[in-house]
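Number of protein chains: 2
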Amino acid sequence: MPASAALRRPAKIPRATSEQSSRDLLLAAASELMNHRNTIDISLSELATRSKLNSALVKYYFGNKEGLMLALMKRDAAIAIRDLEHLLATPLPPAIKLQRHIAGVIKTFHRSPYLNRLLHAMLDDRSSDTDSAKQIAEFFVKPYVRLQRQLLLQGEKAGVFRKVDSMYFYVSTLGACDLLFNARFTLRSVFRVPRITDRIRDQYIEHVSSMVLQGLVRRSGSGSGSGSGSG
Amino acid sequence: MPASAALRRPAKIPRATSEQSSRDLLLAAASELMNHRNTIDISLSELATRSKLNSALVKYYFGNKEGLMLALMKRDAAIAIRDLEHLLATPLPPAIKLQRHIAGVIKTFHRSPYLNRLLHAMLDDRSSDTDSAKQIAEFFVKPYVRLQRQLLLQGEKAGVFRKVDSMYFYVSTLGACDLLFNARFTLRSVFRVPRITDRIRDQYIEHVSSMVLQGLVRRSGSGSGSGSGSG
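Chains as they are written, first to last, in the numbering used here: chain A, -12 to 218; chain B, -12 to 218.
Treat identical chains as interchangeable: a pair holds within one or across any two.
Simulated pairs of lysine-lysine, DSSO-like, Cα-Cα distance not exceeding 30 Å:
1. Lys144 / Lys129
2. Lys84 / Lys129
3. Lys94 / Lys129
If you are wondering where the hints come from, they were derived from the structure by calculation, not from laboratory data.
Take these sequences, add in the hints, and give me the full structure.
Written out as structure tokens, the structure reads:
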């Protein structure tokens, strides 16, 4: 077990924990805590209690709490990007890939609601143009959009999808997936839905993927529909 | 010109302005300012300068700035609800009504970006369960959902729409319309789109309404698709 981290900051590193695993433990504790408490507002002391590590390690590994959140998003974004790359390389019909892609997004938001909240907190209009927002654009949004574009191209080449603008596709599909997880108050107060169960998740996957797919499939006489704005 | 307001708070009411129009002027100034400055963070002194009215009138008419924002949303929500009611009563095919409904939502967000931002600021998970959120649910979301449900029923009865869950319909269509106006940083940094032009608005209306409509239209062998969650 490497002791380099312990040598650098001896008083703060817990016994018998490597640098890599302390870092991972903090990330895991942060994600568990945010999902458990249903908020992204967690304190360093809560994090210390949950991880059984000194909260000063957050500063040591991540600079500050925002750095920890960013590292968490990098960890999870890497998984999402890898899964999407894998899906693209799989020999399946484009329509099936599209459905699995939508299912993947909704399942990720359902499993880790904090991800959706962090994306909003870091990317939305009240907080954009920060260094975090720029990093998220680079390590997550750009590769994600590039892979979505490949998926659309696969469908076009197979003659099953009509040509659609990748920005409109990105915004409309992500917006549809997203709002279910960013409208808890509306769901509760208007629709009497206190929480998003597995059943709701699966029905919503069916609803959104069917809508997006039907919007994409090439029909006789439809051609390239989305690109003729009427000024 | 009624002077009742001026009699109650003589020092703060501007000369030759009725209570109703002072109130309206403050609302108009707030909406102009937020659209002009591209933010919902406006100060009472900016509001006073813009409206040429004393900022103490905000307290007088609305209690505080949040009350003013809420009154603004009520004003705009009333217009949106009235338009949707009018559309439902118009003798048009359900598919056309659906397209006009989507176009109406996107045009409203495009014309008044602050509305979208206020909805997020007041309804999203970081600030829900407040009295403002509850009021918005009552005067806007509930009637809006009820009218959407009527639109879906008209289409079902005409045999052109399949049966869909109104919560899934609400969340997916509003989410798709919404994200274009709540992703300015992504649009700028990833898609090199500095602002949402009329052309983009119209193309997006075409994209979303086509997607939603295709997702709704009844096809041979499709039946009632969205309601078979796979656990």
